[in-house]
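Undergrad: Listed below are the residues making up each chain.
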Amino acid sequence: MVKFVKISRQAVEHVALLARLELSEQEIGTYTEQLNTILDYAAILEKLDTSEVQPTAHAVPLHNVLREDEVRVSMPQEKVLQNAPDAENGFFRVPKIV
Amino acid sequence: MDITAKTAGELHDLLVQKEITSTELTHAFLDRVRRLEGQVQAYVTVTDKSALKRAAEVDAKIARGEAIGTLEGIPMALKDNMCTEGIRTTCSSKMLEEFVPPYSAEVAIRLQEAGAILLGKLNMDEFAMGSSTENSRFFPTHNPWDLERVPGGSSGGAAASVAAAEAVYALGSDTGGSIRQPAAFCGVVGMKPTYGAVSRYGLIAFASSLDQIGPLTKDVRDNALVMNAIAGHDRKDSTSVRFDKPDYTQFLGKNIKGLKIGIPREYFGEGIDSDVAKVIWDAVAALKDLGAEAEECSLPHTDYAMPAYYLIAPAECSSNLARYDGVRYGYRAEGDDLISMVRKTRAEGFGPEVKRRIMLGTYALSSGYYDAYYVKAQKVRTLIKQDFDQAFGTYDVLLSPTAPTVAFKFGEKSSNPLSMYLSDICTVPVNLAGIPGISIPAGFVGGLPVGLHLMGKAFDEGTLYQVAYAFEQHTGFHKVKPSTKEVAAHGLE
Amino acid sequence: MAWSDTYEMVCGVETHVELATKSKIFCGCTTEFGGEQNTHVCAVCSGLPGVLPVLNKEVVNLAIKAGLALNGEIAEFSKFDRKNYYYPDLPKNYQTSQYDLPICKNGWLEITVDGAKKRIGITRAHMEEDAGKLVHSGETITSSDESYVDYNRTGVPLLEIVSEPDLRSIAEVVAYLEQLVQILDYTQVSDCRLEQGSVRFDINVSLRPKGTSDLGTRTETKNLNSFASVRHCMEYETERQAEVLDAGDKVVQETRTWDEGKGITISLRSKEEAHDYRYFPEPDLVPLVIERSWVEEIRRTLPELPTERRMRYESLGLSEYDAGVLTSSRALADFFDEALSRYADAKILTNWVMGEFLRLLKANQQSVLDSPISPVQLAELLELIDKGSISGKIAKGVLEDMYATGKDAALIIKEKGLGQISDEAALAEIVEQVIAAHPQSVEDYRAGKERAIGFLVGQIMKATKGQANPSLVNKLLKEKLS
Chain A
1 MVKFVKISRQ AVEHVALLAR LELSEQEIGT YTEQLNTILD YAAILEKLDT
51 SEVQPTAHAV PLHNVLREDE VRVSMPQEKV LQNAPDAENG FFRVPKIV
Chain B
1 MDITAKTAGE LHDLLVQKEI TSTELTHAFL DRVRRLEGQV QAYVTVTDKS
51 ALKRAAEVDA KIARGEAIGT LEGIPMALKD NMCTEGIRTT CSSKMLEEFV
101 PPYSAEVAIR LQEAGAILLG KLNMDEFAMG SSTENSRFFP THNPWDLERV
151 PGGSSGGAAA SVAAAEAVYA LGSDTGGSIR QPAAFCGVVG MKPTYGAVSR
201 YGLIAFASSL DQIGPLTKDV RDNALVMNAI AGHDRKDSTS VRFDKPDYTQ
251 FLGKNIKGLK IGIPREYFGE GIDSDVAKVI WDAVAALKDL GAEAEECSLP
301 HTDYAMPAYY LIAPAECSSN LARYDGVRYG YRAEGDDLIS MVRKTRAEGF
351 GPEVKRRIML GTYALSSGYY DAYYVKAQKV RTLIKQDFDQ AFGTYDVLLS
401 PTAPTVAFKF GEKSSNPLSM YLSDICTVPV NLAGIPGISI PAGFVGGLPV
451 GLHLMGKAFD EGTLYQVAYA FEQHTGFHKV KPSTKEVAAH GLE
Chain C
1 MAWSDTYEMV CGVETHVELA TKSKIFCGCT TEFGGEQNTH VCAVCSGLPG
51 VLPVLNKEVV NLAIKAGLAL NGEIAEFSKF DRKNYYYPDL PKNYQTSQYD
101 LPICKNGWLE ITVDGAKKRI GITRAHMEED AGKLVHSGET ITSSDESYVD
151 YNRTGVPLLE IVSEPDLRSI AEVVAYLEQL VQILDYTQVS DCRLEQGSVR
201 FDINVSLRPK GTSDLGTRTE TKNLNSFASV RHCMEYETER QAEVLDAGDK
251 VVQETRTWDE GKGITISLRS KEEAHDYRYF PEPDLVPLVI ERSWVEEIRR
301 TLPELPTERR MRYESLGLSE YDAGVLTSSR ALADFFDEAL SRYADAKILT
351 NWVMGEFLRL LKANQQSVLD SPISPVQLAE LLELIDKGSI SGKIAKGVLE
401 DMYATGKDAA LIIKEKGLGQ ISDEAALAEI VEQVIAAHPQ SVEDYRAGKE
451 RAIGFLVGQI MKATKGQANP SLVNKLLKEK LS
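Protein chains in written order, with this note's numbering: chain A, 1 to 98; chain B, 1 to 493; chain C, 1 to 482.
This is chain A alone, in the form it adopts within the complex (with noise of 0.2 Å):
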């Protein structure tokens, strides 16, 4: 079974770029210390034989819940933009990408 293991400071400073987030020095100190008290009482669960236990992801267990293939109207486009924090000729703009 895995272990849980400490998380290092540079593990922490991969996981804010996958999570997008740009952290000081002193962020990434402090999510680094309060991570790791929150993964060592997470550990109790290490105690814990589930080999034998299916995981649960949906607390009630339903299935095949679908729709017809129905087109039905959009929003206009004055509505689709209207929260768009920078937006041209009906399109969203974003800066350089790469």
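No lab work stands behind these hints, which were simulated from the structure alone.
All clues given are correct.
So, partial list: chain B residues that the calculated Cβ filter (under 7 Å) puts toward chain A:
#: 1; residue: Asp337
#: 2; residue: Val375
#: 3; residue: Lys379
Bear in mind that the values here come from a model prediction, so they are computed numbers and not experimental data.
The C-beta atom is built at its ideal place from N, Cα and C for all residues, glycine as well.
Add chains B and C to chain A, keeping to what the hints say.
TA: Frame of chain A; chains B and C shown alone:
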């Protein structure tokens, strides 16, 4: 007596008897909001104009001699994570400070169709993450029972608004206790329905597999009335369940003689304040007086619920909150290129608790750790569910405190995330299992309300209302109102 | 020396196919191509806070149908997962897809290259949502100061079909893709409009020294949308890898993109991060439990597939080549079959369909579906030839008129007075006139100059403006002159 102190049930009768108009009622609430908000700070947005317009429409309908529904013309408010078309919906976050949804949540539509008067949107912990409403981007909400204390969270604005009679009722959302814990701290009735009983469409997601909307009300009858209006299948929510929705008021007044109540001993462990525990044991005695059979039982995996919850909820949250990137809506920071714009936007737009959970959840899902954390937590979820299934083989309802303590002071827990998390220790297992839970006023410790937590079988909200109503009518704790001078000075006995 | 003398290529393809539904996978917006930017968009597919997805049943139906046509196993239990990554064309910054429990696994299809048949494995096929479209201010993404996002395509249903790394030559890859697209076209799982990007290919390719069995390091070139670009891209990429290996260097495992203009592949290596998609079960959707009765119901709707159809045509006496051309698209094969139901001589019909008919389509840059001539109309024309109403030569002109006007052959023949003179009495009169007018030729013929009869036939055809039935003219002439 001030009409703002009355329940929805009482106000409906007054409207029908033409003792008051909806406009008068709405004015009364708006006045009270104006006078009290300086102290309580429950509202993020007050929609006075549209409220009065709606009230006038209801009055016109009454004047025409048309029948009105039970909630028609009655002022209420929504937690600010439920989308309202044309009305700013912020999640108490800088990220959505100026977000105006072009659509409404299903619950908002159902209440609007029921003729409800929306007074405004209520403060909360940012994106519903927190247990004190201190994580609001805007301001903390104060507990009407003691303004130095938190109202609980994350639906702190909802609980405080009902306790301070700034709304007849409110809707909150509950992911790990966010309706029930603030209901307990503020001395109101709060129901977290079965997962799938109330549509989540338009509820800004925190943890999709755990989130559920429910009512916070002055008494059990109002709670059942609001559930009647909001519960039921919705085709727009794939996790919404088709079930035979009863009239929830039919369970009120049914006696509880012979009803079997289990008291899981794991919910009375260390960390539970002994005075709070004593109030709960008094409640058990009261229920026995009413003829219920109560005995101790065991939910053996309870200790694992919190750590499992603190892996599952952040994991889902890390994905749900990925959409806030400054491209389509919400806050946007300047950046030289896309990635720096997105990283700055999220760094500046989210508060520390939200970022902490995003970090934790991203880590729990990342490759190499997924099985150890996320899958493990989901397996524990299965065990928690099985515990409940087994207990409900014997008992009709389970009983515990709602929260380990009464409302704490501002700043008391905000420096230590883990101690804050533990205030949800009694409520979290219910979300993991997807079952309903209700918190009702059960007495006081040091003048602060204590909540009694009742847990039921999936889709058996009816039995919870039956027991809650019997207890409420027998004890009358719901009639005790906050007596802080600021709140009391404005007309409540 | 060609690289193929030294190395063996190993290739697998991921194909993204837009499924032919009317509405998007999780909302009611139209899937129609085009439209002004951000007008086929709603709260759900633009990923507004609070929205929830509901799965389109037709997406599942079409995925099952494709799975069956590709000889795959349809899962009894399937679910959706979230694939988490940040990109501005992805409104939620995760893509709802399928990870460990795809709807279809273990399929295959058969290709023929240089007469040899080979079975290509299909690892899996899974359902997912398409992303939106980015428009860059500059010529390319790297030279642009800003980009513009259009979410019209966001949420269009896709089936991602992943092949085994069974392909060993560019010819095999192209044969596989052609066969795959044909099957998707036949089953009408997709409208297969490659030029609109409704089928896209990601090519995974590596080289290894001939005779070895370990896999080399592969590259993935994404988003190719024509067979020609796949061919050109692979020619470039295999050459490039061979040069890297020949120089003693290592191929870098990476994603590349094909620059059609320059004819090269370019690295898309990100210095920022290795991909970590953090897949987890989609909590907003519930699993699929696919009863066998559902699968059987869809199996019954499966049409005759290209391979079966080719075999049927060959059994009618058509060549392998002709059968291949006729079955190259479902529309053409359907056209052929409909005409065949009216006109039974498959060989004559094949000659006309593959000759004049396809020539007209090509000249007019139209597809079979756009053809102004119906299969029945073509069959009628061929019947008129057989009856002797017109000659084959005149029929070609009639077909052109039919293409231009959409009129029936009989009407055109009548309007233009093109009908053959097959009336023996009428022809006999003209024959006698021609004989009388050309005594020298008659004499020559009788003297044994067989060729002289050709001149007389020509004169008769001239007199009848080419409408005389040639075999009848011959018969009458011979009678009169003998």
